[in-house]
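For chain A, the structure is supplied; the task is to place chains B and C on it using the hints.
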Amino acid sequence: MFDLIAFIPRAVAQGIPLLFGSTGEIITEKSGNLNLGIPGVMYVGGICGVIGSFLYERSLADTSQINPALGILIPLLCCILGSLLMGLIYCFLTVTLRANQNVTGLAMTTFGVGFGNFFGGSLMKLTGADIPSISLTATSGLFRTTLPFAGSTGWFGQIFLSYGFLAYVAIIIALGASFVLNRTRVGLQLRAVGEDPATADAAGISITRYKYVATCVGCVIAGLGGLYFVMDYANGVWSNDAFGDRGWLAIALVIFTVWRPSTSIPASILFGGLYILHLFIPTGTDLAVKELYKMLPYVVTIVVLVLTSMRNKRENQPPESLGLPYFREDR
Amino acid sequence: MIHVAKRKEMPLAQSLGIRVGVIALALVVCGVITAFVTGLNPIDVYGTMFQGSFGSPRKVWILLQEVALLLCVSLALTPAFRMKFWNLGGEGQVLAGGLASAACMILLGDSLPGAVLILVMLVASLAAGALWAAIPAFFKAVFNTNETLFTLMMNYVATQLVAYFVIVWENPKGSGTIGVINQSSEAGWLPVIGGNKYLLIVILVALLTAGMYVYLNYSKQGYELSVVGESPSTARYVGIKVDKVIVRTLIISGAVCGFAGMLLVGGSAHTLSTSIAAGRGFTAVMVAWLAKFNPAIMVGSSFLLEFMGYGAGEIATTYGLNASFGDILTGIILFFIIGTEFFITYRVVFQKKEEAASNV
Amino acid sequence: MQGTQPAISMRDISKSFGRIQANSRVSLDINRGEILALLGENGSGKTTLMNMLSGIYFPDSGHIEIDGKPVTIGSPKDAFTYGIGMIHQHFKLVNVFTATENIVLGLKEPGGYDLAAATKRIEQICQTYGFDVDPNQKVYDMSVSQKQTVEIVKVLYRGAEILILDEPTAVLTPQETDKLFAVLRNMREDGKTVVIITHKLNEVKDISDRVVVLRKGEYVGELITAEASTEEMTNMMVGRQVTLNIDRPDPEMKYRMERIRVRNLTVKTRDGVTKLDDVSFSAYTGEILGIAGISGSGQKELLEAIAGLQPVENGSIEYQVDDDQVEQLIGMDPIKIAGMGVVLSFVPEDRLGMGLVGSMDLTDNMMLRSFRNGPTPFTDRKEPKHLAELVVDELKVETPGVDTEVRRLSGGNVQKVLVGREIAAAPTVLLSAYAVRGLDVNSSYMIYDLLNRQKGNGVAVIYVGEDLDVLLELCDRILVLCGGKVSGIVDGRTTTKNEVGLMMTRLGGGEAQ
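Residue numbers (numbering that gives the first Met the number 0), protein chains in the order written: chain A, 0 to 330; chain B, 0 to 359; chain C, 0 to 512.
This is chain A alone, in the form it adopts within the complex (with noise of 0.2 Å):
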């Protein structure tokens, strides 16, 4: 039988990582940079707050006196410190600099995996510990620590109250980030800024500064998923490249939500889902079918974007500037 009431929270769990993903790429696309080394920075993200995570807990004699307030907010800053870092080395490139975006994208990623696979394989070598792996289970069991009522609520709290506070922090952010595109002057100007820089350079909206902070906030969101995945989805177990390719189902959830972040909501959670039918549907022993399910959100994915471009709608195009530089006096 299929158990929803297990798979739904476990689908969920699998779509925040790729909802802070989306939304962060969402907002970074919105001002017309398509920043391709979110992959990355969803790693620098998640081994910043691993190595901030790993001192802290090394500084403690015993790990169960770890301060609930000092274990949170020394990983988030350190991930929130690195993801911000990687912004700005993605928008001095490419804004300030004009590079393509591709290939500083790309380059982007090479650099953000590399540097968490070889923080998360050398980070015992680097310190000295005498430790067989990572696993900073005090942190986790903060960023674990679920709503009051969870247990006690039956189907209700497995489904809505089972998970740790940065789940909430993705759905709240998601929606924060619909509001200030949508209703907000602020969006306004960031969505003529990836539509139009031209026009909006013209209104008298500063290019330069609303693509380093839309890029800078999205890539701070995004190495929130990293975060979320390491602490809250693995237990506070670092293993290298087991983040695998959420990045860039994040960037496919961009696409297959038309460019906006409330509809990243279901939409990451039913692409969480698909990574883990697999699990819930009785094929036997065959383990091959699960791959041809993993591969679902990319061809549904693919068939949105060729659906968009065929209707051909103004409203569902990605941001018209989209991967361009802009420069004012070109000509």
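Everything labelled a hint here was simulated from the structure, so no lab data went into it. Be a bit skeptical, because a hint or two may be false.
[As the list claims (entries may be wrong)] Only some residues are given here: those of chain B computed to face chain C with a beta carbon under 8 Å:
1. Leu63
2. Lys219
3. Tyr222
4. Arg235
All C-beta atoms in this analysis are idealised placements derived from N, C-alpha and C, irrespective of residue type, glycine included.
For chains B and C alone, coordinates are given in the frame of chain A:
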């Protein structure tokens, strides 16, 4: 106030000088970072890196083979890039080619004679790679579907398809891998020439490089795709069928990726896994871009990136660090080079505000 | 000079783009409450100069004073704070936004972000001035004049005191132009200052109080419109008497035959806007047929339809090979047309965007038409190189060599390369659009000479032009387009500027010959 203006034209020697200088600078930065992480003195860092790439004849050959494989994928992407079609699907096209090769080896390995099998593999992998690139190209040509995003997604469709077949063809059962295909019969393995198992790939890719250079610079099709890339309306004006050129170019691009897949499966790895392309589809984007889409210069840029990877790998092994160290160094070098292009294309003029106002 | 302080003084303003000097030490004053016309030919630097007031460009040297105080206008935002608003020729509107969203874009209004309130204010402005625009309509659904209206409302909404309009009538029908001018006069009554950039003398006379003339990026002089004569303004604008002394050999009547016969040609854009409406005419061998009309009257579509680049809604375009053989060109692409043995050369308006590839060198650009020649899959660069050298030699193209990228050449030289290539094919039909736009005098005369030589060789030349004086002196016959319709075909030798000018602005005038 800072003003940025386009340069008129920088002499080639000067622009090359700047690029070489920046690569040198980036290497110094990498050395310092490595020294910081490992506690080595920077000179030893370079020594170790050199050791990792050129330490023994075998290492040199492995490096050459890797350079050839990366170069092969870069060459594949170049016609598309020259046409301003962002083919980020190299990874998937290589996988599709590799999958086709592996399928031939596994399914036909016992029934076809060696030479015929290799021919069938060649055709199958070229076709598979071409198909993988032609799909996004078709939609780009007809509906102007964003090719960057489309080709990117196709990578993961291919990855999962390979993952599926890896389990279908699992050997031994339960291992989660295919293992070496046709280990005893060596059916479908590319022949070893000159007693050196790396030589064939290097030679094939060298020929391909020359061929691609000629195709892009001296053939009618190469000329057409450059015109389409530079100005689609000029292309239409002289009667070039833009749609046709897009699809045709991507078929070539994908087919060469498929060829790289065959070299990987039939020539070097003799197995199939989802990681067989090893990110070359993405690294190749950077290789091609660094070389300004010029096949001859791409030999140098792919060499640089592979050298960094192997050198850093050696450092990692020697000091018990993680092998991903190479990616960090590669990333840093790329950041430097990417940033440099700006100073070659533009010139920056500093002007004080008061001067701007009173400048007569 | 009035005794009062000018609202804006520009002093010794220079600006260059690469090797092109767009403005050279221009000084001018703009007075409060006047309508100032900035008059000059295409490429005289009018728009660049005004772009430096609106913050789009920054002057290389010189300074700007507002109410006597020196200011730095580094961005459009700075311009807004000084009450300067510019309506560009290419509208700066975000397509997926509504009119309201576009109008409030970039504003920091007190009281938060309230689109409903903004919509109300916009409706008020529209009522005051009689604009017709739906604030909630998306820009991509709007007509050109609606977009222009949004642009003007945008500037008014910002409370601009000084409005700069860049060739606002180029895209308008005469009725829309009248409406616009009425609005501008209302604004002047309100005490606002208006600068209108134009190259049309009748508009200067019609609307302005004062006129400043620019030529080749330099200030030539200024006149009070009421005291100025058309001749005076024209002379200042073009720099000398408008008698151009362009050669016009008589066509060889002996071999004259109908070459291109266009009948009932109708062309619509993808969005269903009619660009050509039931156009019929013939072009003969050994003559230059001029095509006149305000820009956007269907000239581009007409030439592209003949060249096989424009899908056609209805009608026929026939090419007469000789007395018995006639080929239909509709439904053909350039390759098929060439395949029928029709040598049709086309010098398009957009030289670097369509006729040439800017990033390729002269040799490779010469190959554009001929690269398919030869039996091998490889290109032959010997012939094109030879041709490039020939063109450089014969047409005196100023270039470091034939391996220089075309985009690095100046406008005149680019045009020589393009015309040279198109003529080298020994065409039977030569289409040219704005062949002398942006060219200096010498280059222009060289182009006229080349066209006349083609005419002498029996080529049917179709010349789309914007300068009436040139059309009147160069062409044997002149077809006048107005809003996609033929308003008449006149004899170039007997017609007058006045007659053609009138036909350009009214439908179904003049009698077809």
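Restraint satisfaction for arginine 235 of chain B [CB to CB of chain C, less than 8 Å]: The hint holds - arginine 235 of chain B has a Cβ within 8 Å of chain C, the shortest such distance being about 6 Å.
Supplied contact hint for tyrosine 222 of chain B, tested at 8 Å Cβ to chain C: 5 Å, holds
Agreement of hint lysine 219 of chain B with chain C interface, Cβ distance less than 8 Å: 5 Å, holds
Status of the hint placing leucine 63 of chain B at chain C (closest C-beta pair under 8 Å): 30 Å, violated
Violated hints amount to a single one, hint 1; each of the other numbered hints is respected by the structure.
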